[in-house]
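> Protein sequence lines correspond, in order, to chains B and L.
The first sequence runs 1 to 311 under this note's numbering.
The second sequence runs 312 to 565 under this note's numbering.
Derived by calculation from the structure, the hints in this document are not laboratory data.
All C-beta atoms in this analysis are idealised placements derived from N, C-alpha and C, irrespective of residue type, glycine included.
Honestly, I wouldn't trust all of these hints.
Below are the DSS-like pairs computed for lysine-lysine, each with C-alpha atoms no more than 30 Å apart in a straight line [what the hints assert, rightly or not]:
no., chain 1, residue 1, chain 2, residue 2
1, B, K79, B, K123
2, L, K391, L, K523
3, L, K417, B, K286
4, L, K464, B, K286
Just the calculated beta-carbon pair ranges, DEER-fashion [said to hold, decoys possible]:
no., chain 1, residue 1, chain 2, residue 2, range
5, B, E298, L, G336, 28 to 34 Å
6, B, E303, L, S448, 26 to 32 Å
7, B, K79, L, K417, 36 to 42 Å
8, L, R365, B, V262, 28 to 34 Å
9, L, S448, B, E307, 22 to 28 Å
10, L, V369, B, M144, 53 to 59 Å
11, B, Q285, L, N514, 56 to 62 Å
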Amino acid sequence: MVKLSKDFVKTAKICGIDHKLEQEGHFYVDKNKITSEQMPKGISAKTTETKNGIKAEITVEKGVKIKEALFFCFGISGKDDKQTIETRLVLEDDSEVEILAHCSFPNAVNASHKMEAKYEIGKNAKLVYKEHHYHGTSSGILVMPKLKVDVAEGGVFLSDFILSKGSVGQVGIEVEVVLGKNAKSEINSKVFGKGNKDIISIIDKVTLEGENSKSLVTMRAAAKDGGRVFMQGETYALGANSIGHIDCQEIVSGEGSVAKAVPIVEVSSDKARVTHEASVGKINQKELETLMTRGMDEEEATELIIEAMMR
Amino acid sequence: MLEVKNFSIASKEDKSILLDKVSFGVEKGEIHCVLGTNGSGKTTVAYAVMGLERYDYVSGKVLFEGQDITKLKPHERAKKGITIAFQEPARFEGLLVSDFLRAGKKDATALEIKKSLEIVGLKPEDFMNRSLDDKLSGGERKRIELASVMIMKPKLMILDEPDASLDIIVYNELYDLMLRIKEELNCTILLITHREEAGLIANGATLISKGKVVATGPFRQVMRKYCEREGRRASCMAFKNKMRVGLANADSKN
Numbered sequence: 001m002v003k004l005s006k007d008f009v010k011t012a013k014i015c016g017i018d019h020k021l022e023q024e025g026h027f028y029v030d031k032n033k034i035t036s037e038q039m040p041k042g043i044s045a046k047t048t049e050t051k052n053g054i055k056a057e058i059t060v061e062k063g064v065k066i067k068e069a070l071f072f073c074f075g076i077s078g079k080d081d082k083q084t085i086e087t088r089l090v091l092e093d094d095s096e097v098e099i100l101a102h103c104s105f106p107n108a109v110n111a112s113h114k115m116e117a118k119y120e121i122g123k124n125a126k127l128v129y130k131e132h133h134y135h136g137t138s139s140g141i142l143v144m145p146k147l148k149v150d151v152a153e154g155g156v157f158l159s160d161f162i163l164s165k166g167s168v169g170q171v172g173i174e175v176e177v178v179l180g181k182n183a184k185s186e187i188n189s190k191v192f193g194k195g196n197k198d199i200i201s202i203i204d205k206v207t208l209e210g211e212n213s214k215s216l217v218t219m220r221a222a223a224k225d226g227g228r229v230f231m232q233g234e235t236y237a238l239g240a241n242s243i244g245h246i247d248c249q250e251i252v253s254g255e256g257s258v259a260k261a262v263p264i265v266e267v268s269s270d271k272a273r274v275t276h277e278a279s280v281g282k283i284n285q286k287e288l289e290t291l292m293t294r295g296m297d298e299e300e301a302t303e304l305i306i307e308a309m310m311r
Numbered sequence: 312m313l314e315v316k317n318f319s320i321a322s323k324e325d326k327s328i329l330l331d332k333v334s335f336g337v338e339k340g341e342i343h344c345v346l347g348t349n350g351s352g353k354t355t356v357a358y359a360v361m362g363l364e365r366y367d368y369v370s371g372k373v374l375f376e377g378q379d380i381t382k383l384k385p386h387e388r389a390k391k392g393i394t395i396a397f398q399e400p401a402r403f404e405g406l407l408v409s410d411f412l413r414a415g416k417k418d419a420t421a422l423e424i425k426k427s428l429e430i431v432g433l434k435p436e437d438f439m440n441r442s443l444d445d446k447l448s449g450g451e452r453k454r455i456e457l458a459s460v461m462i463m464k465p466k467l468m469i470l471d472e473p474d475a476s477l478d479i480i481v482y483n484e485l486y487d488l489m490l491r492i493k494e495e496l497n498c499t500i501l502l503i504t505h506r507e508e509a510g511l512i513a514n515g516a517t518l519i520s521k522g523k524v525v526a527t528g529p530f531r532q533v534m535r536k537y538c539e540r541e542g543r544r545a546s547c548m549a550f551k552n553k554m555r556v557g558l559a560n561a562d563s564k565n
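For reference, chain B alone in the conformation it holds in the complex:
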């Protein structure tokens, strides 16, 4: 049984979990300090602590399929800390891994979290990446993650990004995915901006480079009580028979709230097809009426509808 250091327990708490080190693969960072690191057989990790964060290079070896999700915690426990994370994740051919990343900044007042990440998914490899954020309650954080993903032939990239609890602060997320032949990606983003300090921008960009590649970009956002949300879904279809779809829904509720959706679709193969749908505006009247006829007032009903959409 591994003895847990105080620092480790503290970081685990920042990420909102009661960790018992039962997860074989994990990686905990508080600002620039790696408080615990352990990888299962078949995964190698080189990590370095830098002035304001860490650098990590993780490789999942060819053919290795990790059954239990790896848990990454990138936290800032201080109020004003600046953190920069640089990661390179390589999935060699035919490997599979799921990563659950928690980015948590519960005490942030004037803090920042920047991330530069590059994921390389090999032939027929599969990465499931789930990132959940918690930014505390004072909207005092600037979060700027940039992620580039290359998916080789037959590879799969599935991503969920959720930022729906607590206050958001200022967030600018850019995800760029390039898909090879027969590769597939699904990117889901859900963000909830509540209050006039919450300013969110998300750009999810997919290039369907290889033939028969497929992508789905799903974006869900709610802007409430002065929150501002901008979502841009981009899909560029180059490969023959590639198919893409962008689905964006944003709800606006309360004075001063602004939601903006920009879909960009470009097709440069006469055998490819990309579709998009977007809905931006007030809460669906039928949903609202239904819940009101069940006894909820307008505010309660609005809360429930947004909460459900953000799940």
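We have chain B; now place chain L onto it with these hints.
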């Protein structure tokens, strides 16, 4: 239990009159049909009783258990014991069926939710944790809608064309279900329909045409008027036969 008195409402857009001095009453414990052809104003009556803010109020009153509820909002009427199952139930992305049912009864136990789903013929284990979105069929959503109004144990349940788009076998099951609901909950049902077969379970009826009440009273009497006015002789003949069969079946069960 419910009295609608000289009630008039107008369209928010062009201010045209949608319901014109509508008056009818519903007794406690009865199944009362609002009959009429497509576009006659049946659903408008249902929404007006529920207080949905889709129209401009012109004049008249809606009384529930003797109390004037004309100015009350839908959630306030719901708290007094009125609710509605919509003809086309809403879809909610991400909302679990169990959470939707709890919207009507915050302290509903898992057992109550399970029972509500079972009554409408759905296996709880297959539906409780599913999202109420477009992956469910229309029939499944209608059943969940019924379960969600049932769990509230309302005094007055408005059912807006629950029998629309159903084939004969299914709507016979539906009418049986309505009788069971009425008996189990000891509630009153305002049934919006254009089906003659509703006579198998209904006590009273109100016939609406072009936003006006043409007749109100015992179901058979109103139905006769409906058949005469709307040129529905063939279907009404069929209805009489079904009524005979229905009554005979009821007799044989007794």
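> It remains to establish, for every hint, whether it holds in the given structure.
Hints, verified against the model:
Our distance criterion of 30 Å between C-alpha atoms is broken by K79 of chain B and K123 of chain B, whose separation comes to about 43 Å. Taken as a hint, the K391 of chain L and K523 of chain L pair is honoured in the structure, with Cα atoms around 27 Å apart against an allowance of 30 Å. About 21 Å separates the Cα atoms of K417 of chain L and K286 of chain B, which keeps this hinted pair within 30 Å; it holds. Restraint check: the Cα-Cα separation between K464 of chain L and K286 of chain B comes to about 22 Å, which is no more than 30 Å; the hinted pair holds.
Checked against the hint of 28 to 34 Å, the C-beta distance between E298 of chain B and G336 of chain L comes to roughly 31 Å, which is consistent with it. Our hint of 26 to 32 Å for E303 of chain B and S448 of chain L holds, since their Cβ atoms are close to 28 Å apart. One distance hint, 36 to 42 Å for the beta-carbon pair K79 of chain B and K417 of chain L, holds here, with the actual separation near 37 Å. Between R365 of chain L and V262 of chain B the C-beta distance comes to about 33 Å, which sits within the given range of 28 to 34 Å.
At about 25 Å, the CB distance of S448 of chain L to E307 of chain B agrees with the hint of 22 to 28 Å. As the Cβ distance of V369 of chain L to M144 of chain B is approximately 56 Å, the hint placing it in 53 to 59 Å holds. Distance hint check: the CB atoms of Q285 of chain B and N514 of chain L are about 34 Å apart, inconsistent with the given range 56 to 62 Å.
Violation of the numbered hints given earlier is confined to hints 1, 11; the remaining hints are satisfied by the structure.
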